[in-house]
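Generate coordinates for the entire structure from the input sequences, incorporating the hints supplied.
Number of protein chains: 2
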Amino acid sequence: MDGETRLHLCVGDPIAQVKSPEGLTREFSARGVNAACIPAHVSSDDFARFMSVIKRVTNIDGVVITVPHKFAAFGHCERASGRARFLSAVNVMRREREGDWFGDMTDGVALLAALRACGFDPNGARALVVGAGGAGSAVALALVEAGIGELAVCDTDAKRCDSVVARLNGLGAARVRSASADPSGYSLIVNATPVGMSPTDPLPVDAVRIDQRAFVADLITRPATTPLLECARRGGALVVSGGDMFLPQKTILADFLLGSPN
Amino acid sequence: MDGETRLHLCVGDPIAQVKSPEGLTREFSARGVNAACIPAHVSSDDFARFMSVIKRVTNIDGVVITVPHKFAAFGHCERASGRARFLSAVNVMRREREGDWFGDMTDGVALLAALRACGFDPNGARALVVGAGGAGSAVALALVEAGIGELAVCDTDAKRCDSVVARLNGLGAARVRSASADPSGYSLIVNATPVGMSPTDPLPVDAVRIDQRAFVADLITRPATTPLLECARRGGALVVSGGDMFLPQKTILADFLLGSPN
Numbered sequence: 000m001d002g003e004t005r006l007h008l009c010v011g012d013p014i015a016q017v018k019s020p021e022g023l024t025r026e027f028s029a030r031g032v033n034a035a036c037i038p039a040h041v042s043s044d045d046f047a048r049f050m051s052v053i054k055r056v057t058n059i060d061g062v063v064i065t066v067p068h069k070f071a072a073f074g075h076c077e078r079a080s081g082r083a084r085f086l087s088a089v090n091v092m093r094r095e096r097e098g099d100w101f102g103d104m105t106d107g108v109a110l111l112a113a114l115r116a117c118g119f120d121p122n123g124a125r126a127l128v129v130g131a132g133g134a135g136s137a138v139a140l141a142l143v144e145a146g147i148g149e150l151a152v153c154d155t156d157a158k159r160c161d162s163v164v165a166r167l168n169g170l171g172a173a174r175v176r177s178a179s180a181d182p183s184g185y186s187l188i189v190n191a192t193p194v195g196m197s198p199t200d201p202l203p204v205d206a207v208r209i210d211q212r213a214f215v216a217d218l219i220t221r222p223a224t225t226p227l228l229e230c231a232r233r234g235g236a237l238v239v240s241g242g243d244m245f246l247p248q249k250t251i252l253a254d255f256l257l258g259s260p261n
Numbered sequence: 000m001d002g003e004t005r006l007h008l009c010v011g012d013p014i015a016q017v018k019s020p021e022g023l024t025r026e027f028s029a030r031g032v033n034a035a036c037i038p039a040h041v042s043s044d045d046f047a048r049f050m051s052v053i054k055r056v057t058n059i060d061g062v063v064i065t066v067p068h069k070f071a072a073f074g075h076c077e078r079a080s081g082r083a084r085f086l087s088a089v090n091v092m093r094r095e096r097e098g099d100w101f102g103d104m105t106d107g108v109a110l111l112a113a114l115r116a117c118g119f120d121p122n123g124a125r126a127l128v129v130g131a132g133g134a135g136s137a138v139a140l141a142l143v144e145a146g147i148g149e150l151a152v153c154d155t156d157a158k159r160c161d162s163v164v165a166r167l168n169g170l171g172a173a174r175v176r177s178a179s180a181d182p183s184g185y186s187l188i189v190n191a192t193p194v195g196m197s198p199t200d201p202l203p204v205d206a207v208r209i210d211q212r213a214f215v216a217d218l219i220t221r222p223a224t225t226p227l228l229e230c231a232r233r234g235g236a237l238v239v240s241g242g243d244m245f246l247p248q249k250t251i252l253a254d255f256l257l258g259s260p261n
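Taken in sequence, the protein lines are chains E and V. Numbered according to numbering that gives the first Met the number 0, the first sequence spans residues 0 to 261. Numbered according to numbering that gives the first Met the number 0, the second sequence spans residues 0 to 261.
In short, the hints are calculated from the structure, not lab data. Idealized CB from N, CA, C, for every residue including glycine.
List time: in silico DMTMM-like cross-link candidates among lysine to aspartate or glutamate, alpha-carbon distance up to 25 Å: (1) LYS249/E <-> ASP1/V; (2) LYS54/E <-> GLU3/V; (3) LYS158/E <-> ASP200/E; (4) LYS54/E <-> GLU3/E; (5) LYS54/V <-> ASP44/E; (6) LYS249/V <-> GLU3/E.
Derived, one-sided and incomplete: chain E residues facing chain V with beta-carbon distance under 10 Å: (7) GLU3; (8) LEU6; (9) ASP45; (10) PHE49; (11) ILE59.
Quick list of the computed label-pair ranges, beta carbon to beta carbon: (12) PRO13/V <-> PRO13/E: 33 to 39 Å; (13) GLY31/V <-> GLY171/E: 54 to 60 Å; (14) SER87/E <-> ARG96/V: 36 to 42 Å.
So, in structure tokens, the structure goes:
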């Protein structure tokens, strides 16, 4: 860290659990780039003013966006990737040469890369995604684009869930439907809700009904192994944690943040 | 750097030359504190909005202020030290437990500590301070408080110079006067202007007229040795650079930023 270090923020609320500051700062260093990823704890009330100010700070080149700001951040991008526009959400933004900010949503492809690394093949598979927020809808889109056979989406907010399902069906690539959180009959179950961050949380799905040899992913990074993953592993499932997902995510984010304009 | 790292910004324009990000980050680490000092390149036009936003970012605990924001930053402190109030300027601010921001101005005592470390004794000495801005007036105040015998202050802005001189004389501790930049007859000459940062700059004082065995200090940190210091050293003077001043400054700033409320 010195006066010439280029900055990439990681903005969220809460912030203590995020992996980008450590992971991306190491990644930049490994690539020989004098840059760092800096955590910024910003509330939803303050987010709009915060973004309008930091977009004008000359030595900030990028922003990683985490809960609960992924939808709001989309509105602060002058340009965005196709998938970000489809989802109206971004998890990363970078300053372009012309001064515009360009956003992307890489949560879906990062989880898919982590799942493939464990042997999961999306082709024709049946998947349940619990949570239709920024990360959940990104995962759902990545699964549809990767050739999933059937996709069920579950969210306590039925309207939000139905909206995501309708738009994914509009792609004409996979059968997508709203569903309950019953995990039986799926070869992939993804928890994309915050349920499991607090020790008093219930399980997001009824873990005893998870098929043996299913893949179970949880996007939560703290605890490193959620109760869902613990139960699923004991039942014979292959599990992918938020930490596992961060391994490909780190490379994807660094490529994007250091990359030339798309 | 991780999600729990506590942040201290260093705000200036330009920013590449600042020493706090590297020096304070190492200092925090040496003290076993998970904290970092982050450079932020912010223009004067953006400074007010920037400060109002970052004061609300929960994981930012402190701000180091550098050129040209030291006077403006004073207005963003709810409370300030006596010397900061005297100077209407701060070079450092920290968040207090109650949420107020408390400011201090340590440039003067930091330079004095560096000078004393080289053997300079302010008691009864004659000093010339060139530059009556934030840093220059802080140095002038520290010299007066340390018992300097006679102090001359020089600034191309005569009104600003006279104002600083009048207020220092009001302390009744030393003879303080506005003067030309002629360095002859002083045992201490301090350059507190940015003249010397650019290779095309003239010397801030006529170096051949500096007394042999005078102390010559330059607050500029880049270049590490300014042409003024180079000439002064060749002429037999003892020199103190911005880098030399940063050694005690780093300790003083870390103590303040990590300290309990005054």
